[in-house]
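**Student:** Those sequence lines, one after another, are chains Z and E.
Take 1 as the starting number for the first sequence in the UniProt record's numbering and just add one per residue.
Take 1 as the starting number for the second sequence in the UniProt record's numbering and just add one per residue.
Don't take every hint at face value.
Computed cross-link-like contacts, DSSO-like style, restricted to lysine-lysine with a CA-CA straight-line distance of at most 27 Å [stated by the list, open to error]:
#: 1; chain 1: E; residue 1: K10; chain 2: Z; residue 2: K323
#: 2; chain 1: Z; residue 1: K307; chain 2: Z; residue 2: K495
#: 3; chain 1: Z; residue 1: K323; chain 2: Z; residue 2: K313
#: 4; chain 1: Z; residue 1: K555; chain 2: Z; residue 2: K500
#: 5; chain 1: E; residue 1: K48; chain 2: Z; residue 2: K323
#: 6; chain 1: Z; residue 1: K343; chain 2: E; residue 2: K64
#: 7; chain 1: Z; residue 1: K500; chain 2: E; residue 2: K10
#: 8; chain 1: Z; residue 1: K495; chain 2: E; residue 2: K64
A few chain Z positions that, by computed beta-carbon distances, are all more than 10 Å from chain E [claimed, not checked]:
#: 9; residue: V39
#: 10; residue: S44
#: 11; residue: E94
#: 12; residue: Q124
#: 13; residue: A215
#: 14; residue: V251
#: 15; residue: G261
#: 16; residue: G269
#: 17; residue: G300
#: 18; residue: G328
#: 19; residue: R364
#: 20; residue: Q488
#: 21; residue: S577
None of these hints come from the bench; they were simulated from the model.
Built from N, CA and C at the ideal position, the CB exists for glycine as well.
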Amino acid sequence: MTVPVRRFDAVIVGGGGAGMRAALQLSESGLKTAVLSKVFPTRSHTVAAQGGISASLGNVQEDRWEWHMYDTVKGSDWLGDQDAIEFMCRKAPEAVIELEHFGMPFDRLENGKIYQRPFGGHTQNNGETPVQRACAAADRTGHAMLHTLYQRNVRANTQFFVEWMALDLIRDEAGDVVGVTALEMETGEVYIFHAKAVLFATGGAGRIYAASTNAFINTGDGLGMCVRAGIPLEDMEFWQFHPTGVAGAGVLITEGVRGEGGILLNANGERFMERYAPNLKDLAPRDFVARSMEQEVLEGRGCGPNKDYVLLKLDHLGPDIIKQRLPGIREIAIKFAGVDPIKEPIPVIPTCHYMMGGIPTNYRGEVVIPQGDNPEARVNGFYAAGECACASVHGANRLGTNSLLDLVVFGKSAGDSMVEFIRNEMPTWKPLPANAAERSLARISRLDNQTNGEDVTEVRTAMQRTVQARAAVFRNSENLAQGVKEIQEVAERVKRIQIKDKSKVFNTARVEALELENLIEVAVATLISADARKESRGAHAHADFQQRDDEVWMKHTLYYGDDRRLTYKPVHTKPLSVDYIPPKERTF
Amino acid sequence: MTDIDPVEIKRIRWRSRRGLLELDIVLERFLANGFDQLTTDELAAYRKCLELGDNDFLDYVNGKAEVDDPELAHIIGILRAV
Ligand SMILES: Cc1cc2nc3c(=O)[nH]c(=O)nc-3n(C[C@H](O)[C@H](O)[C@H](O)COP(=O)(O)OP(=O)(O)OC[C@H]3O[C@@H](n4cnc5c(N)ncnc54)[C@H](O)[C@@H]3O)c2cc1C
């Protein structure tokens, strides 16, 4: 079967903040650049980001990139690569000012400079006092970023392929990346995108969990494509959780609710946070509250028919305070939890929010994998940026507002590396391998021909339940080992998923089945990586190994999908220009 | 809705996948329950909603913002009740 081929200098998969920042760099250099996206670019998940983007501009209070770097290293619980962290924090002011020049409507101070708001974890003088470092465009920072970058790209002649789903990475015999296959949803046809360089910016994969703040499109497609193409995934055991997502829906209930006096209760009506954090109680740090909540559930004091959530009680505040000081919360609770918080408590559960791991890259955005003695050999022609990539700046835990920064800094850096690579090393296209589209076509034809198979929704639910039950905020050896077994059973079921609708045009069922094949790769990687890490670090809290163990475990996990094996590589302890920041106990 | 091109219906279903989880949840419920009963005019209005930016769309659906476009008011009313 012949598959039509389209040729570009550069192909970018993903039209969120990271993909569009990279595309701009390429198009403005005059290279023929395509951006593929499952949805219209400005509806990428970046649109959900409200809090802001960090940069040590020092517009409100004195600030320095070195302090930002310290906070990021500490936040990462010393798993972040210090060269990449220095690179990002140093570039941050320039990156934000560049966005301003592109026309992004940041909130301003009276003197016309960009306003900066406080955000957890950002401090002056290496942890001394909080600092205002987050730049925002009202509560629509992500939206403003997407619109700004989209306009610039249109002007620079980036060619958008909207409602196209990339299916698989194409590597040639040498292992170099020469393109991707993609499905045009409108026709159901598969195409080959032949490129001198490919960048993945496919975003997160939060939908592997039953409780997730991520939109439905966050299915880890870039990671699934990597696993199938023999590229390992880095640090997949590290996922950030938000303590109060609405049970069963995932929608976030802001921290402000507890700030105003909302309290958490278990099935016995006990205010359990008094036991875990006698001083701070319900206002203890995010990860601590989340772990305490899960402990209650694990010990059988969860609420509801499945005893799997706790309650956030507000009614004692009275209707006036709820309406005045917490606008929107009542509507959210009614709409997504089916309860009126003026009368009843809201069921809540720690909810997956952000993926720290991903496709292994360096700070130049190049995908790097072990080869012989070199733990980080470049995969020629392959780049990644944004939430799907692991540079690694977030290490074991991400600092709020550092993700939007990651998108623009590493999006640009990857774009620059690609321009250099194409100009200096890849004057023309490497030939496509003969079987370039074979894997993708086989996947689709299996879906079309499967009989007596499994239902996509049922298998996806089984996967989400397993990951939620076995690898959420609070982990232990027994649970993880059980999870590894269970998720591999679910993976077997994914091989037999079946769709009823076999039509070609805009077949959402087919897309969801293909997405599930990506999600399961991420889910298996998560459990196997988590099961192996016998320590507690950042978001990986292990009941049987409660201490961080730098001696043994200050290293990055690499997961290979073909034989589900793990290897490890060292954390970069050499920043680019400053001194190494040695590990300390992470106390607050 | 019988006179509408079935391909267009499928396209609209895909475009109901959004960048915000809140909208995904509301629209998923709506697609399962209510969408198939829309009149031709309501469907046209729904299609117009899908052109909105996600934040504006959600503000309408949540009742945080008033709907000033008379063409959208009715369909947003339906979505608010989902
Ligand atoms: C509720 C919420 C609030 C947040 N708030 C903040 C904040 O205030 N500050 C902050 O720094 N971070 C925040 N984050 C995190 C941050 O928003 C994300 O990490 C970031 O936006 C991810 O951007 P991205 O460009 O990597 O991917 P995305 O914006 O998710 O874009 C992914 C793109 O890839 C495309 N795609 C995926 N798969 C395929 C495929 N197979 N084929 C074609 N295209 C594909 C999609 O269509 C999309 O265009 C928040 C996250 C959430 C969930």
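**Student:** Each hint should be assessed against the structure and marked as holding or not.
**Tutor:** Here is what the structure says about each hint:
1. K10(E) to K323(Z): Distance ~40 Å between K10(E) and K323(Z) Cα, so the pair is violated.
2. K307(Z) to K495(Z): With a Cα-Cα distance of about 32 Å, the restraint between K307(Z) and K495(Z) is violated, given a limit of 27 Å.
3. K323(Z) to K313(Z): holds, 15 Å
4. K555(Z) to K500(Z): violated, 45 Å
5. K48(E) to K323(Z): violated, 31 Å
6. K343(Z) to K64(E): holds, 21 Å
7. K500(Z) to K10(E): Holds, at about 15 Å.
8. K495(Z) to K64(E): Distance ~44 Å between K495(Z) and K64(E) Cα, so the pair is violated.
9. V39: Per Cβ check, V39(Z) is inside 10 Å of chain E; nearest 6 Å; violated.
10. S44: violated, 6 Å
11. E94: holds, 27 Å
12. Q124: The assertion about Q124(Z) holds, with a minimum of 32 Å to chain E.
13. A215: violated, 5 Å
14. V251: violated, 6 Å
15. G261: At about 23 Å from chain E, G261(Z) clears the 10 Å cut-off, so the statement holds.
16. G269: Check passes; 29 Å lies beyond 10 Å.
17. G300: Answer for G300(Z): holds, closest chain E Cβ roughly 29 Å.
18. G328: Label violated. Min Cβ-Cβ 6 Å, cutoff 10 Å.
19. R364: holds, 28 Å
20. Q488: Q488(Z) clear of chain E: closest Cβ-Cβ about 28 Å, beyond 10 Å.
21. S577: Fine: 37 Å to the nearest Cβ keeps S577(Z) off the interface.
Violated hints, listed in ascending order, are 1, 2, 4, 5, 8, 9, 10, 13, 14, 18; each of the other numbered hints is respected by the structure.
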